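Asks: Here's the letter readout for the chains.
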Amino acid sequence: MVKLPENGKSNFLKAFAFGPIMFASDTGGNIKITLAIGNLQVADRIISGEIRGLSPELKIRKWECSICHDDFEKCDHEVGERYSGLECQLIARGITFSGASMLTVPPKDPRCRITDLLLIREENGRKKLEWYGFRVNSELDRFRSIQSAYDSKLIPQEAAFRFGEFFSINLTGNTVYP
Amino acid sequence: MVDAKLFVHLPVDKPLKVKEKEELIAELLSAFKSERILDAKVIDSYYSEERALSEPLSIVFVILTAMANIATIAMAVRTFLRNRNVKKEITLTTETLKLTIKGNMSDRDIVKLVKEYGKIAREREE
Numbered sequence: 001m002v003k004l005p006e007n008g009k010s011n012f013l014k015a016f017a018f019g020p021i022m023f024a025s026d027t028g029g030n031i032k033i034t035l036a037i038g039n040l041q042v043a044d045r046i047i048s049g050e051i052r053g054l055s056p057e058l059k060i061r062k063w064e065c066s067i068c069h070d071d072f073e074k075c076d077h078e079v080g081e082r083y084s085g086l087e088c089q090l091i092a093r094g095i096t097f098s099g100a101s102m103l104t105v106p107p108k109d110p111r112c113r114i115t116d117l118l119l120i121r122e123e124n125g126r127k128k129l130e131w132y133g134f135r136v137n138s139e140l141d142r143f144r145s146i147q148s149a150y151d152s153k154l155i156p157q158e159a160a161f162r163f164g165e166f167f168s169i170n171l172t173g174n175t176v177y178p
Numbered sequence: 001m002v003d004a005k006l007f008v009h010l011p012v013d014k015p016l017k018v019k020e021k022e023e024l025i026a027e028l029l030s031a032f033k034s035e036r037i038l039d040a041k042v043i044d045s046y047y048s049e050e051r052a053l054s055e056p057l058s059i060v061f062v063i064l065t066a067m068a069n070i071a072t073i074a075m076a077v078r079t080f081l082r083n084r085n086v087k088k089e090i091t092l093t094t095e096t097l098k099l100t101i102k103g104n105m106s107d108r109d110i111v112k113l114v115k116e117y118g119k120i121a122r123e124r125e126e
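Residue numbers (my numbering), protein chains in the order written: chain G, 1 to 178; chain F, 1 to 126.
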């Protein structure tokens, strides 16, 4: 359970989730994201395991028709129909990554999920950092998430060392700095 | 009054042909007019895909209007869903709100929904 400060003001606590959101089908390479979590109840639901999956949101500007290679919106072909033995299929063009969603249902690709959660509290003007490590696809993923938090200046170097040290012994769990 | 940019996400089975898209836009704007939002115009459209979900594709209409509050806009979207007999719920997003609207919602349901979202947005700001 994420404990809110006694005055109930949630802006004393920030949360960031880390994890791979999209895998290349051929190489296994992936895109990792860091999500700032505005609603702290969500952090609670991530810790409990209720929210874990990640889904990329893609913006598609144009669809190409596989039969005539023209703009699908303007051509006369229909998806799934056969033309001279060839099935009409859609090819997405002009794709941009527009955001990410957290899921309460398992994602199509089970590797796309939150692997780490960072909680930042401020108590009496001092920052207290808590790192939750969940199941990862490979051991290196955890260290990459910690490195990413350090590179983004979310955590200082000493905290990154502390978390790295903890997770070199424990595969999953949570640890606090200082 | 400030221009509001709205994003109406409507689930579709496949990308639409030009004519289908034009029909959809005409119906959407007609629903806005029926709620006396006369200045609404579609300034952009694209498709949005949620890769990890089973019903991934939506067409997104970007609408600009300055004449209405969010509850009236939500009612216009509801009217559109009713007229078209769309069973699926659709999402309306603005800079600050994300509302899920269903065709069977009453005006009261919509006002309640908007108030609830407004409350959450205020709490976040505080």
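Source of the hints: derived by calculation from the structure; they are not laboratory data.
Please read these numbers as outputs of a predicted model, since none were measured by experiment.
Among these hints, one or two may not hold up.
What the hints assert, rightly or not - Covered by chain F, according to a simulated footprint, are these stretches of chain G (three or more residues, beta-carbon under 8 angstroms):
| no. | stretch |
| --- | --- |
| 1 | 58–68 |
| 2 | 72–84 |
| 3 | 89–102 |
Each residue gets a CB set at the ideal place from its N, CA and C atoms; glycine is no exception.
Asks: So, for every hint listed, does it hold in this structure?
Replies: Against the structure, the hints:
| no. | hint | in the structure |
| --- | --- | --- |
| 1 | 58–68 | holds (count 5) |
| 2 | 72–84 | holds (count 4) |
| 3 | 89–102 | holds (count 4) |
Checked against the numbered hints listed earlier, the structure breaks none of them; every hint is satisfied.
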